[in-house]
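Chemist: Sequence:
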Amino acid sequence: MTIRLFDTLANEKVTLEPLAPGKVGLYACGPTVYDLAHLGHARCYVAWDVVVRHLRFRGFEVEYVRNFTDVDDKIIRRAAERGLDPLELSRHFADEFETDMKALGNVTPDAQPRVSENVPEILRLVQKLVESGHAYPAQGDVYFAVRSFAGYGKLSKRKLEDLKAGARVEPGEHKKDPLDFALWKAAKPGEIWWDSPWGKGRPGWHIECSAMSARCLGETFDIHAGGKDLVFPHHENEIAQSEAASGKPFAKYWMHNGFVTLDDEKMSKSLGNVANVRTLTEAYEPQALRLFLLSTHYRGPINFSESALQDAEKRVAYLYETLAKAEQRIALAAVSEEGEVLEEERLRALVPAIAEAMDDDFNSAEAIGRLSPYLAWLNELCERPPAGAKKEVVRRTVLRLRHGLAAALSILGIGTEHPQRFLESFRARLAARRHIDAARVEALIRERADARKAKDFSRADALRAELSAMGVEIMDGPDGTAWRVPA
RNA sequence: GGCGGCAUCGCCAAGUGGUAAGGCAAAGGUCUGCAAAACCUUCAUUCCCCGGUUCGAAUCCGGGUGCCGCCUCCA
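Just so you know, the numbering used here puts 38 at position 38 of the first sequence, and the rest follows in order with no gaps.
Errors might be hidden in some of the hints.
Stated by the list, open to error - Below, computed lysine-lysine pairings styled on DSS-like, alpha-carbon distance capped at 25 angstroms:
1) Lys200 <-> Lys176
2) Lys228 <-> Lys154
3) Lys325 <-> Lys390
4) Lys252 <-> Lys159
5) Lys175 <-> Lys74
6) Lys252 <-> Lys228
7) Lys154 <-> Lys175
8) Lys159 <-> Lys175
9) Lys176 <-> Lys128
10) Lys159 <-> Lys248
11) Lys154 <-> Lys176
12) Lys164 <-> Lys176
13) Lys23 <-> Lys248
14) Lys157 <-> Lys228
15) Lys200 <-> Lys128
16) Lys314 <-> Lys102
17) Lys154 <-> Lys128
18) Lys228 <-> Lys164
19) Lys391 <-> Lys325
20) Lys175 <-> Lys164
21) Lys188 <-> Lys176
22) Lys248 <-> Lys154
23) Lys188 <-> Lys175
24) Lys13 <-> Lys154
No wet-lab data here; the hints were simulated from the structure.
Could you put the whole structure together from the sequences, leaning on the hints where they help?
Modeler: Below, the structure written as structure tokens:
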């Protein structure tokens with residue numbers, strides 16, 4: 001088993017060879033917490049979550065670090081607008097962020113360092129860069145001298161000469177060269193500050209990731225991940241700072257995810273077309289949102305649309321209905337995993353099929369595609385078991401399939417909830433969306449049952465039509481009539 | 001202007017040299033008192049266009065067209 005991943009630095013798919021065999025350190029650039037998480041955050045952190053899940057599934061011991069940037073210009077500005085302490089504001093949105101991540105089914109990172117709790121580390125790093133001549137103080141600020149680092153541009157494949165055209169100096173900055181960037185910013189009156197050898201101030205934007213990744217994972221670590229928009233300048237600057245300070249390679253591999261677009265345009269705050277995660281998870285089933293995000297390869301762009309999310313909801317309903325059917329079947333009578341099953345080879349192929357799709361640059365779309373025939377098979381076994389097969393053999397096959405699916409689905413983080421409970425809450429969500437009153441539905445179903453018992457089928461059909469008009473589908477079964485709200 | 005990406009069925013979307021996954025929608029069938037769900041079948045001789053390389057190309061090369069992104073805060 002080898003894992004292949006697309007490395008931005010090498011600009012091609014490479015084989016993952018961790019620094020220490022069997023162990024992977026992964027640092028994902030976290031959010032700047034001054035507002036609710038948007039769909040772009042959801043896309044990105046679901047992608048890295050699946051990377052972590054899959055590496056763990058493959059037996060790697062993963063140390064997953066995702067920071068919070070909780071000190072920054074935008075936080076300071078937003079806090080000032082609201083008359084709040086900046087750290088109070090960022091703590092609030094960090095909590096909200098964690099709520100959203102949980103709703104999306106993401107695992108909690110092993111460490112979530114914050115800038116405000118790592119200022120001493122940051123200062124040590126800045127100091128080191130000043131002492132080694134890679135950085136210089138200027139009127140309370142400290143800047144990194146880009147031209148002092150030979151490898152600058154190697155990640156984003158840019159030449160210094162090309163960059164010069166776009167570089168600029170903001171009023172109030174004291175750069176010697178327009179390409180230089182701030183490591184430390186002098187505090188303006190009223191701003192949050194920490195003491196430093198250069199006076200009161202706070203960290204610049206890029207330095208925190210260098211300091212905190214080194215602290216959590218070491219000066220050299222395996223994978224650094226983030227959105228494509230961070231390649232330049234953020235990640236380019238991190239490399240410059242970190243490698244200039246340590247003299248060692250920084251991250252071995254760089255992974256970047258594609259953007260979320262809305263109406264085929266990049267979703268971004270400056271365009272004002274942002275969809276926040278909270279609004280979406282309130283309106284739609286979060287598992288469907290996750291399935292939608294994973295149905296496209298993480299490096300490509302993904303366009304958000306209502307219809308795509310509705311398709312995902314349908315598929316999620318099918319998935320959980322299938323799993324619930326299997327659980328019911330299994331619950332009928334105890335059966336052990338050991339013994340005769342139907343189509344042993346096919347059963348054995350399930351987990352490898354999914355895992356191998358994921359080995360190839362975490363191709364979740366391919367993996368989801370490979371799941372389909374197994375779900376159809378499971379439905380078939382539960383509803384129409386092969387005529388000649390022994391009940392125990394069918395049941396054992398269902399059990400093995402269910403366990404195989406559980407393992408495969410755990411890599412994706414989909415279908416991992418308790419099926420029956422999930423379906424109940426999903427139905428409640430759909431019923432609420434369509435203003436369906438469950439008590440009334442059940443009353444109509446009882447009335448229809450009486451009509452059917454009396455063989456008054458025209459009355460029964462009229463009641464079905466009434467339910468159908470409400471948006472309710474009913475299913476007659478041996479144990480009575482069940483109802484659902486189609487997604 | 002510099003750099004980069006993308007273009008695959010009505011819609012979404014895998015596939016980067018070996019002869020087009022999967023999902024949604026649609027049509028037919030099985031099942032059913034009738035349904036729903038489920039299952040089965042059908043649904044791109046073709047991958048934006050034009051050339052080229054090759055025994056063979058959606059996949060590689062050249063040209064064109066269209067869309068998008070980065071170069072400024074952004075996942």
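Chemist: A separate judgement is required for each hint: does it hold in the structure or not?
Modeler: Going down the list of hints, with the structure as the test:
Under the criterion of a C-alpha separation no larger than 25 angstroms, the hint pairing Lys200 with Lys176 is consistent with the structure, at around 21 angstroms. Taking the CA atoms of Lys228 and Lys154, the gap is near 15 angstroms; set against the 25 angstroms cutoff, the hint holds. Annotation: proposed proximity of Lys325 to Lys390 holds, straight-line Cα distance about 19 angstroms (limit 25 angstroms). Among the hinted pairs, Lys252 with Lys159 is consistent with the structure: their alpha-carbon atoms are about 21 angstroms apart, no more than 25 angstroms.
With a C-alpha separation of about 21 angstroms, the suggested pair Lys175 and Lys74 falls inside the 25 angstroms cut-off, and the hint holds. Of the supplied pair hints, the one linking Lys252 and Lys228 holds, its CA atoms being roughly 17 angstroms apart against a limit of 25 angstroms. The hinted pair formed by Lys154 and Lys175 meets the criterion: a straight-line CA distance of about 22 angstroms does not exceed 25 angstroms. For a cut-off of 25 angstroms, the pair hint linking Lys159 to Lys175 stands: about 19 angstroms separates their Cα positions.
Straight-line distance between C-alpha atoms of Lys176 and Lys128 comes to about 19 angstroms, which keeps the hinted pair within the 25 angstroms bound. Under the criterion of a C-alpha separation no larger than 25 angstroms, the hint pairing Lys159 with Lys248 is consistent with the structure, at around 22 angstroms. The hinted pair formed by Lys154 and Lys176 meets the criterion: a straight-line CA distance of about 22 angstroms does not exceed 25 angstroms. Using a Cα cut-off of 25 angstroms, the hinted pair Lys164 and Lys176 holds, with the two alpha carbons roughly 13 angstroms apart.
As the CA atoms of Lys23 and Lys248 are separated by approximately 19 angstroms, the hinted pair is consistent with the 25 angstroms bound. Distance check on the hinted pair: Lys157 and Lys228 sit about 13 angstroms apart at the alpha-carbon level, within 25 angstroms; holds. Simply put, Lys200 and Lys128 have alpha-carbon atoms about 18 angstroms apart, close enough for the 25 angstroms limit, and the pair holds. For the proposed pair Lys314 and Lys102, the alpha carbon gap of about 22 angstroms is at most 25 angstroms, so the pair holds.
Between Lys154 and Lys128 the alpha-carbon distance is near 23 angstroms, which keeps this suggested pair within the 25 angstroms criterion. Annotation: proposed proximity of Lys228 to Lys164 holds, straight-line Cα distance about 21 angstroms (limit 25 angstroms). Restraint check for Lys391 and Lys325: satisfied, since their Cα atoms lie roughly 16 angstroms apart, inside the 25 angstroms limit. For the hint linking Lys175 to Lys164, the alpha-carbon distance of about 13 angstroms falls within 25 angstroms, and the restraint holds.
Simply put, Lys188 and Lys176 have alpha-carbon atoms about 21 angstroms apart, close enough for the 25 angstroms limit, and the pair holds. For the given pair, Lys248 sits about 15 angstroms from Lys154 by alpha-carbon distance, which is consistent with the 25 angstroms threshold. A C-alpha spacing of about 17 angstroms is found between Lys188 and Lys175, which places the hinted pair at or below 25 angstroms, so the restraint holds. Between Lys13 and Lys154 the alpha-carbon distance is near 17 angstroms, which keeps this suggested pair within the 25 angstroms criterion.
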